[in-house]
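Using the sequences provided together with the hints, build the complete structure.
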Amino acid sequence: MRTTKTLAALAVATLCTALGTATAQQPIVLQWQTANLTEKQYEPIWKATIAEFEAANPGIKIEPVLVARKDHWTKFVAAALAKLAPCIVSVDLATAAYNGYLMPIDKYMQAESADFLGAWSPDILGAAKWKGKLYGLPIWGGTYAEVYNRELVIKAGLDPSNPPKTWTEYLAWSKKLTGNGVWATAILGGKTDTTTRLLLTWIWSNGGEAFNADMTEATFAKNPKSLEAIKFYLGLAGKGFAAPAPTTTNYLEQTNLFAQGKIANMRNAYWAVSKVINDNPAMKGNMFVVPIPANVANAPTMSTMTASSISASCPHPEAAWKFIKFDAGKKWSIERARGANWMPLRNDLANEPQVKADPMLAQFVQIGTRARSYPLPSPIWAEIAAGDIVDAVQRALLQPEKTDEIFRDLDARLTKKLRDI
Amino acid sequence: MRRSQYVDGARWVLVLVSLLLVMFPFYWMLNTSLKPASEIFLSPPTFISSNWSLDAYVTVLTERPFARYFLNSLVVTLGTTVLSVTLAAFAAYGFTRFFPRGATPFVVFLLFTKMLPETLLIIPYFQLMASVGLLNSYLALILAYSSFALPFSVWMLIGFFRSIPRDIDEAAKIDGASYLQTFFLVILPLARPGLVAVTLFTFLIAWNSYLWALVLTTDASMHVLSVGVANMVGEYSVQWNELMAAAVIAAVPVMLLFSFLEKHLVNAITSGAVKG
Amino acid sequence: MRQWQRHRLVGYAFVGPVFLFLCAVVVFPLSHAFWISLHRTRGLATSFSGTDNYQRALTDDAFWHALGVSVQFTGACVALHMLIGLCLALLLNEIRFAKTALRVAFLTPWMVAPAVGATIWLWLLEPQFGVVNYLLGAIGVIDAPLAWLGTPKLAFMSVVAVDVWRGVPFVMLLILAGLQTIPRDQYEAASIDGAGPWQRFRYITLPNLRYLLVVASTLDIINTMRHYDIIGVMTAGGPAGATEVLPVLLYNTAFRGNRFGEAAAIGVLLLLIVLAFAIFHIRLTKPEQGSAP
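Residue numbers (the working numbering), protein chains in the order written: chain E, 384 to 804; chain C, 753 to 1028; chain G, 331 to 623.
These are calculated hints, taken from the structure and not from any lab test.
Hints are not guaranteed to be accurate.
[Stated by the list, open to error] Calculated from the model, a selection of chain E residues having no Cβ within reach of chain G, i.e. all distances over 12 Å:
(1) E426
(2) F436
(3) K444
(4) D489
(5) K490
(6) E495
(7) D506
(8) E552
(9) P683
(10) K713
(11) R721
(12) N730
(13) A740
(14) D771
(15) E784
(16) T798
[Said to hold, decoys possible] Some chain C residues near chain E, calculated using beta-carbon distances under 7 Å:
(17) I875
(18) F878
(19) Q879
(20) L966
(21) V967
(22) T970
(23) A972
(24) A982
(25) N983
(26) V985
[Said to hold, decoys possible] Cut-off 25 Å, straight-line C-alpha distance, at most; resulting in silico cross-link-like pairs (SDA-like, lysine to any residue):
(27) C/K866 / G/C353
(28) C/K866 / C/Q879
(29) E/K713 / E/Q737
(30) E/K514 / G/T376
(31) E/K714 / E/E426
(32) E/K453 / C/W992
(33) G/K483 / E/E788
(34) C/K1015 / C/T838
(35) G/K483 / E/G621
(36) E/K453 / G/C353
(37) C/K1015 / G/R540
(38) E/K799 / G/R386
(39) E/K785 / G/D391
(40) C/K1015 / G/A431
Here a beta-carbon is modelled for each residue, glycine too, at the ideal position from N, C-alpha and C.
Here is the structure:
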């Protein structure tokens, strides 16, 4: 009958469409996957990067793989297990290298000129190594500092040119900044790794350590300075200086609160400034940046590092390296800083006019000269940073009187996991 | 008389209150999608705004290839529906006419296949599709989605076909019809309400599915709507009004389809599978 | 060839395609999952480890905690789905005016992708900027914004509520259709015999709906036990593991922990548990002999 015929025709048509999407390529096609390709402000930049690269290298085409940030790793792993991962990726280095998903790039680096090699400090390159081999070229990062809302600071009767440098001063500022529906700051306790990032900055600024030197033992509670720092930081909630609902506060909620003037300060990286201005254009020019307060001299802050890597199954690693080098070049590093507020990790950009013209960027760079790299070099970092450590923070926020016990438990769990690699 | 008026009135009140609770999120979705970005965080929030505009929709449709995503979703969903309904109809007919006692174990087997969480299936499935060169293809998604839709479809159609008496098959056979002719020309038309119900159900599952499309397609031109919407959640900036607009665009086709075919859906369940 | 042999062959021809399809597309991944659960996996490196993963899972606190949360979550959700679905169906059954529009309206939560629905609710329940807190504060029910997803009890209730919002429509539709198959004369006969509304419900409505309720609740239990989307989007298992159901634990073990072998073992255990539940549930609510599956 007619319905049957229509159905059959539809079926055939669908199958034809389905089969007709076979791709045939002659030039080398490299897939490029990073969670940042879906960031709106980065879009024009990466499109220009690809266009320029392809124009200069006619035999190579770059195919961007767009994926939502939260699913980036899932998609990468599914492909990597089938040995079909995109050639150029930005992922958690230690985890990916440990699991065999990445290819070491030492031989490509060493074939480069001294000029090129000199653009990266040994510290930064060291953070991109796993078991002595280099697995990625550091492209950009973010240094964590204190960003304040100038208007709210002045309204509280405080002096923006005299920011708190010690924890006592920070507490005093917090007290004055809280009130009238505004809180001094926000505690990050949501289920993502930004919770762990902030926790670590507090621990380090007290001279504490969260792990031992070779990452085989956790010392959140074992190291008294660490525990002290944790209690101080989480204690801000009990004192009422932090915005409510910390267990559901992540980067997104924190920047929302700051952009809407509900919190007076946020501990964040330069990209957050861009987000805040995007959310609330009135904040432009209303923010100032200072180093995080510390109880010990020369306390390090934290700098995240994003690197571009070549996946282990890539059939054209030389072509991939060409693109990675191109993307890490001065021009694009500056573009990223300008358009997306991502801090370049090259050390030869300080005198570039665009960099000099941006005082906030200069401040972040300055603060970043005394920073430790994140993520920490452990193959289970992704799991513990967004899992076990966050769980402990959440428990401590819900039951502050049990903080000691909770972090002792955490130490035991983490140490067990670290030894079981 | 008065008592039944009270009862009617009370009934309507309950229905309207429930309706409010059920529909409020959609109203908010629509509201947010029509607001300009600066109004989204206003406190107190605005329920109706004189600044409502379709700007977000325009942006979404022009800046991102939503038309392409829509087409992809349509092809995959229709393909899934055709494949799944066909297979289910054949199987249901086969079981009710040829292996009546095998129907129950088969349905249990189908249920069993649904008990493993998706997370574990995507990796081997990806490898399977990669090995036959079907990555980034409509076919891979069609096959995956068909596998989820089958259990319910087969269960419902078995109930349906069972209610069509065997005498009709016998009569057709006496008239000289072959097995296939009987199936296509006589039985299927009688089962139309059930087929419509299964079609709607399968359409819905395929239209909204995300995880499989995420993993199996890398080419941006092959993204389906659900992937397109998810990709709008950036870390460094989230345009809530555009995100909501995209979500509305993704939801509207299903709502339209259901509005038109809802009658059939209810009829189908009514006359078919319910009594067992 | 004999008639009955030909008959058989034709039968296989009808039923064959589904079997082949399912074997290729479902049985392979299923058996792969079983196989992987017997290995210790670290990314691309795998080594056979027998029942190690199962032992690990069964002695891990996190597994039992997640199982407990799963059972509570599934129990609460399915019970509410069935109860509210039944009530709504009874209400809607009597209404003639704007029948289609009402039904489609009530079906809408089901039509939207689970992740999208969860994202909207996330936005609605946001402590500082969400509309729910604003409305509740405006009518005076609460005097300070509540952290709907911020404390264990509230978070659990919130995810159950969102799952109920999403899951009731389907159950309501099934029961509504079922109600329409009950012959009116049964009700009339009962009225004549002097039965009140509650008795009519108990002795006519319920028995007629029984098969449907059993099937619907079984499917619901199976689906809810393996459900990931709503909790994954809204709380990712937090706070402090209060909403960490087994599928969330599984996803985290597989993709964040990169321990696919262990994840597969958890998955197989989950499958066995669900199977056991389903069988137990069917036995408990066993329809009369002589009825269909």
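The hints, checked one at a time:
Separation of E/E426 from chain G is adequate, the least Cβ-Cβ distance of about 22 Å exceeding the 12 Å criterion. The claim that E/F436 lies off the interface holds: its Cβ sits roughly 30 Å from the closest Cβ of chain G, which is beyond the 12 Å cut-off. Against the 12 Å criterion, E/K444 stays outside the reach of chain G, whose nearest CB is about 27 Å from its own CB. Against chain G, the non-interface label of E/D489 holds: every CB pair exceeds 12 Å, the least being about 20 Å.
For E/K490, the non-interface assignment is confirmed: its Cβ lies about 21 Å from the closest Cβ of chain G, beyond the 12 Å cut-off. For E/E495, the non-interface assignment is confirmed: its Cβ lies about 29 Å from the closest Cβ of chain G, beyond the 12 Å cut-off. No beta-carbon of chain G comes within 12 Å of the beta-carbon of E/D506; the shortest separation is about 27 Å. In this structure E/E552 is separated from chain G by more than 12 Å, as the shortest Cβ-Cβ distance comes to about 27 Å.
Distance check on E/P683: its Cβ is at least 27 Å (rounded) from any Cβ of chain G, clearing the 12 Å threshold; non-interface status holds. Remark: the non-interface label on E/K713 is consistent with the geometry, its nearest Cβ contact in chain G lying 35 Å away (cut-off 12 Å). Against the 12 Å criterion, E/R721 stays outside the reach of chain G, whose nearest CB is about 30 Å from its own CB. At roughly 33 Å from the closest C-beta of chain G, the C-beta of E/N730 stays outside 12 Å, upholding its exclusion from the interface.
For E/A740, the non-interface assignment is confirmed: its Cβ lies about 35 Å from the closest Cβ of chain G, beyond the 12 Å cut-off. Chain G draws E/D771 into its interface by the beta-carbon criterion, the shortest separation being 10 Å against a cut-off of 12 Å. Chain G leaves E/E784 outside its interface by the beta-carbon criterion, the shortest separation being 15 Å against a cut-off of 12 Å. For E/T798, the shortest C-beta to C-beta distance to chain G comes to about 16 Å, beyond the 12 Å cut-off, and the non-interface label holds.
Interface hint status for C/I875: upheld, as the beta-carbon distance to the closest one in chain E is roughly 6 Å, under 7 Å. Hint on C/F878 holds. Least Cβ distance to chain E is approximately 5 Å, under the 7 Å limit. A distance limit of 7 Å between C-beta atoms decides the matter here; for C/Q879 the minimum to chain E is near 4 Å, and the interface restraint holds. Hint on C/L966 holds. Least Cβ distance to chain E is approximately 5 Å, under the 7 Å limit.
Taking 7 Å as the C-beta cut-off, the interface hint given for C/V967 holds, the closest approach to chain E being about 5 Å. Evaluation of the C/T970 hint against chain E yields a held restraint, the C-beta minimum of about 5 Å falling below 7 Å. With 7 Å as the threshold, the beta carbon of C/A972 comes within range of chain E, its nearest partner Cβ sitting at about 5 Å, so the hint holds. Contact between C/A982 and chain E, as hinted, is supported at the beta carbon level, the nearest pair being about 4 Å apart and thus within 7 Å.
The interface hint given for C/N983 is met, as the beta carbon of that residue sits about 5 Å from the closest beta carbon of chain E, less than 7 Å. Hint status for C/V985 relative to chain E: holds, with the closest Cβ pair at about 6 Å, below 7 Å. At roughly 13 Å between alpha-carbon atoms, C/K866 and G/C353 fall within 25 Å of each other, so this suggested pair holds. This hinted pair checks out: C/K866 and C/Q879 have alpha carbons roughly 20 Å apart, not beyond 25 Å.
A C-alpha spacing of about 11 Å is found between E/K713 and E/Q737, which places the hinted pair at or below 25 Å, so the restraint holds. Distance restraint check for E/K514 and G/T376: the Cα-Cα separation of roughly 20 Å lies within the 25 Å cut-off, and the hinted pair is therefore satisfied. Note on E/K714 and E/E426: the hinted pairing holds, with a Cα-Cα distance of about 16 Å set against a maximum of 25 Å. For the proposed pair E/K453 and C/W992, the alpha carbon gap of about 17 Å is at most 25 Å, so the pair holds.
With a C-alpha separation of about 22 Å, the suggested pairing of G/K483 with E/E788 holds against the 25 Å cut-off. Restraint check: the Cα-Cα separation between C/K1015 and C/T838 comes to about 22 Å, which is no more than 25 Å; the hinted pair holds. Only pairs whose Cα atoms come within 25 Å are accepted, and G/K483 paired with E/G621 is accepted, the gap being roughly 20 Å. Of the pairs offered as hints, the one joining E/K453 and G/C353 is violated, with about 32 Å between alpha carbons and a cut-off of 25 Å exceeded.
Of the supplied pair hints, the one linking C/K1015 and G/R540 holds, its CA atoms being roughly 23 Å apart against a limit of 25 Å. At most 25 Å may separate the alpha-carbon atoms for a hinted pair to count; E/K799 and G/R386 meet this at roughly 13 Å. Under the criterion of a C-alpha separation no larger than 25 Å, the hint pairing E/K785 with G/D391 is consistent with the structure, at around 19 Å. Distance restraint check for C/K1015 and G/A431: the Cα-Cα separation of roughly 11 Å lies within the 25 Å cut-off, and the hinted pair is therefore satisfied.
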